[in-house]
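Protein sequences appear in the order of chains R and Y.
Each residue of the first sequence is one higher than the one before, starting from 1 at the first, in full-length UniProt numbering.
Each residue of the second sequence is one higher than the one before, starting from 1 at the first, in full-length UniProt numbering.
Hints are supplied without guarantee of correctness; some may be wrong.
[To be verified] The list that follows gives simulated cross-link-like pairs (lysine-lysine, DSSO-like), each with its CA atoms no further than 30 Å apart:
hint	chain 1	residue 1	chain 2	residue 2
1	Y	Lys196	Y	Lys4
2	R	Lys89	Y	Lys163
3	Y	Lys196	Y	Lys65
4	Y	Lys64	R	Lys89
5	Y	Lys72	Y	Lys2
6	Y	Lys142	Y	Lys196
These are computed hints drawn from the structure, not numbers from a lab.
Letter by letter, the chains look like this.
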Amino acid sequence: MQPIDVREVQAAISRFANQDVYIHLETTNGAYASHHNEGFFSAGAYIRNALIRFSRGRITGNGPYRVGLKLDFGWVYAEGLTHWEITEKGQLLLAGHDYEGRLAVALQLSHEPF
Amino acid sequence: MKEKHVLVVFPHPDDEAFGVSGTLAQHIENGTPVTYACLTLGEMGRNMGAPPFANRETLPLIRKKELEEACKVIGIHDLRLLGYRDKTVEFEDEELLADRIGEIVAETNPSLVITFYPGYSVHPDHDACGAAVIRALKRLPKDKRPTVHCVAFAKNCEQDLGKPDVIRDVSPVIEKKLAAIQAHRSQTEGLMKAAKKRGGDALEWLKTERFWTYKWED
């Protein structure tokens, strides 16, 4: 993956607007966070291959970046994004890696199920 | 004691490497066949390599290849990939999961099964995996069940379970074990680099493998 280029990522997000797209959205502290540090409250969530349609999608911030997708009846949001990639299948992969390079957040869009 | 057949059941590629690869290599050198059933491909791992070379979509294929390489260096010829998804094992139907494991038990007829101790293995997939193995074996009459050696590392495991009753010195096969760990490059490279940097006896703990023999209640 490459460090995020805001203009290119914005263009890529916009190409998915106003059509049915599959989303993978995830945040994680890892399954061992509370094991290694008992004072750490671990929380996370993920959704894979939900079908959404957004009318407006924006990337903002100065890095790490935030992305918001405006749905007809709601929002999708992710923060802490640092890297991006377009796969051979044309999928947009956005990820946030922590200071050790571990994945902390992922937001991905695809025309086909992941 | 020479085992007839060893069946290992873990949920993630690399679960075998740190805790049991020395034991497996010793069984294999001793002429005992080993079957490894791995429930997922670790699709949701956070480690992407150090520096990162995987992404969320390429990680499963990379980890599959790493697992195959690890099996090769340990000497495992029978690897079963069960096709579950990382971080979802605890949400599967327990009976169906036990059915899948039960089929492999029936086919391979192991004298020893190695898995995680349910309730004492930190990661929800580990606990669910161990619980499914126990559920599958409980369906057998008590005198037909293989011995089960469990890996556990929850903070309270010694408090609740006592000291591990099986302690194996795997220093004679430590090179194979290190090679198995290194085969899981996307997951272990950062850790191994850090250990090397610390130097001294940072890797000493790998030379001993500890198990709790599962005690059947009924």
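Between Y/Lys196 and Y/Lys65, does the CA-CA distance stay at or below 30 Å? Judged against 30 Å, a Cα distance of about 25 Å means the pair holds.
Y/Lys72 paired with Y/Lys2 [C-alpha distance capped at 30 Å]: Roughly 22 Å between the alpha carbons, so the hint for Y/Lys72 and Y/Lys2 holds.
Could you grab the alpha-carbon distance between Y/Lys196 and Y/Lys4 and see if it respects the 30 Å cut-off? Distance of about 37 Å is beyond 30 Å: violated.
Is R/Lys89 within 30 Å of Y/Lys163, Cα to Cα? Violated, because 52 Å separates the two Cα atoms, which is more than 30 Å.
Is the hinted pair Y/Lys64 and R/Lys89 satisfied, with a Cα-Cα distance of at most 30 Å? 21 Å, holds
Agreement of Y/Lys142 and Y/Lys196 with the hint, judged by alpha carbon distance not exceeding 30 Å: 46 Å, violated
Comparing the model with each numbered hint stated earlier shows that hints 1, 2 and 6 do not hold.
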